[in-house]
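S.K.: Can you make the complete structure from the sequences, with help from the hints?
Residue numbers (my numbering), protein chains in the order written: chain A, 84 to 199; chain B, 84 to 199.
Hints were generated in silico from the structure; no laboratory data involved.
Warning: the hint list may mix true and false statements.
Same chains, same names: a pair is fine if it fits in one copy or spans any two.
Lysine to any residue pairs mimicking SDA-like chemistry, simulated, CA-CA at most 20 angstroms apart [stated by the list, open to error]:
1. K184 to D122
2. K184 to D167
3. K184 to L94
4. K184 to D87
5. K184 to N97
6. K184 to D174
7. K184 to D149
8. K184 to A88
9. K184 to D159
10. K184 to D165
11. K184 to C164
All figures in this text were calculated on a predicted structure; none of them were measured in a lab.
There are 2 protein chains.
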Amino acid sequence: MALDADIAAQLTHNADGLFAAIAQERDTGTVLMMAWMDDEALDRTLTTRRATYWSRSRQEYWMKGDTSGHTQYVHDVRIDCDGDTVLLVVDQVGAACHTGKHSCFDTPSLVPGDGN
Amino acid sequence: MALDADIAAQLTHNADGLFAAIAQERDTGTVLMMAWMDDEALDRTLTTRRATYWSRSRQEYWMKGDTSGHTQYVHDVRIDCDGDTVLLVVDQVGAACHTGKHSCFDTPSLVPGDGN
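M.R.: In structure tokens form, the structure reads like this:
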């Protein structure tokens, strides 16, 4: 498999050949996480409709949920205006965050008096 | 000014001293854009409540809307679980994208039959 050439041409890769991927929950609009992809990860994501990232720490592909069961079923994918980020709209099974929280951004607010 | 030390300690910076910043619209949940910050940009954002990024191409701070008028009024800021991304919840004036579109992700879907 290889990523469609027209899609690959729209992407701007960093020095490691990667681009950012934001996962947003379809039903709620919640921003779940940010991770990284290369062309192969995006191809796998589009082909399988399950979000697949490149793990920078483990240096391997990582289909979300493979070990945790917390799969992300991909409904939509968009590349941003300058090509260095993709937005995945997903149906999230279970928790998106390795901490067990639904979103990786379910953390204390930095803005006093706002948020939680 | 300097970023609060407790906040700075929660951040994981890349080789350029930067971390990712996602802006999400408060009212609609729309993911508007992804850009970059350093500690000073986050401090300015928290202090002024106007989203301020670090422009990698221009190598300068960039208060969103300074030239375009398309200010992002910051309602909430969260750091993600591993500290390399912040999520800004904003009220967006006008278009977030330099193309004139409301969101930088207002682009064709890569998923046939879905999206638009």
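S.K.: Give a verdict on every hint.
M.R.: Verification of the supplied hints:
1. In the homo-oligomer, the alpha carbons of K184 and D122 never lie at most 20 angstroms apart, since the shortest distance is 28 angstroms inside one protomer and 26 angstroms across protomers.
2. For a Cα distance limit of 20 angstroms, the shortest separation of K184 from D167 across copies, 17 angstroms, qualifies, whereas the shortest one inside one copy, 27 angstroms, does not.
3. Proximity of K184 and L94 under a CA criterion of 20 angstroms is satisfied inter-copy only: 19 angstroms between copies versus 31 angstroms inside one chain copy.
4. In this assembly of identical chains, K184 and D87 lie within 20 angstroms of each other by CA distance neither inside one copy nor across copies; the values are 34 angstroms within and 25 angstroms between.
5. Within a single copy, K184 and N97 get their C-alpha atoms no closer than 29 angstroms, and across copies no closer than 24 angstroms, so neither meets the 20 angstroms cut-off.
6. Only within a single protomer do K184 and D174 lie at most 20 angstroms apart by alpha-carbon distance; the minimum there is 15 angstroms, versus 26 angstroms between protomers.
7. For a Cα distance limit of 20 angstroms, the shortest separation of K184 from D149 inside one copy, 18 angstroms, qualifies, whereas the shortest one across copies, 36 angstroms, does not.
8. Taking CA atoms no more than 20 angstroms apart as the test, K184 paired with A88 passes in neither setting, with 37 angstroms inside one copy and 25 angstroms between copies.
9. Taking the shortest Cα distances, K184 and D159 sit within 20 angstroms of each other only across copies (19 angstroms), while inside one copy they are farther apart (23 angstroms).
10. In the homo-oligomer, the alpha carbons of K184 and D165 lie at most 20 angstroms apart only across protomers (13 angstroms), although the nearest pairing inside one protomer, at 31 angstroms, exceeds that limit.
11. For the homomeric pair K184 and C164, the shortest alpha-carbon distance between copies (9 angstroms) is at most 20 angstroms, but the shortest distance inside one copy (30 angstroms) is not.
Checked against the numbered hints listed earlier, the structure breaks hints 1, 4, 5 and 8; every other hint is satisfied.
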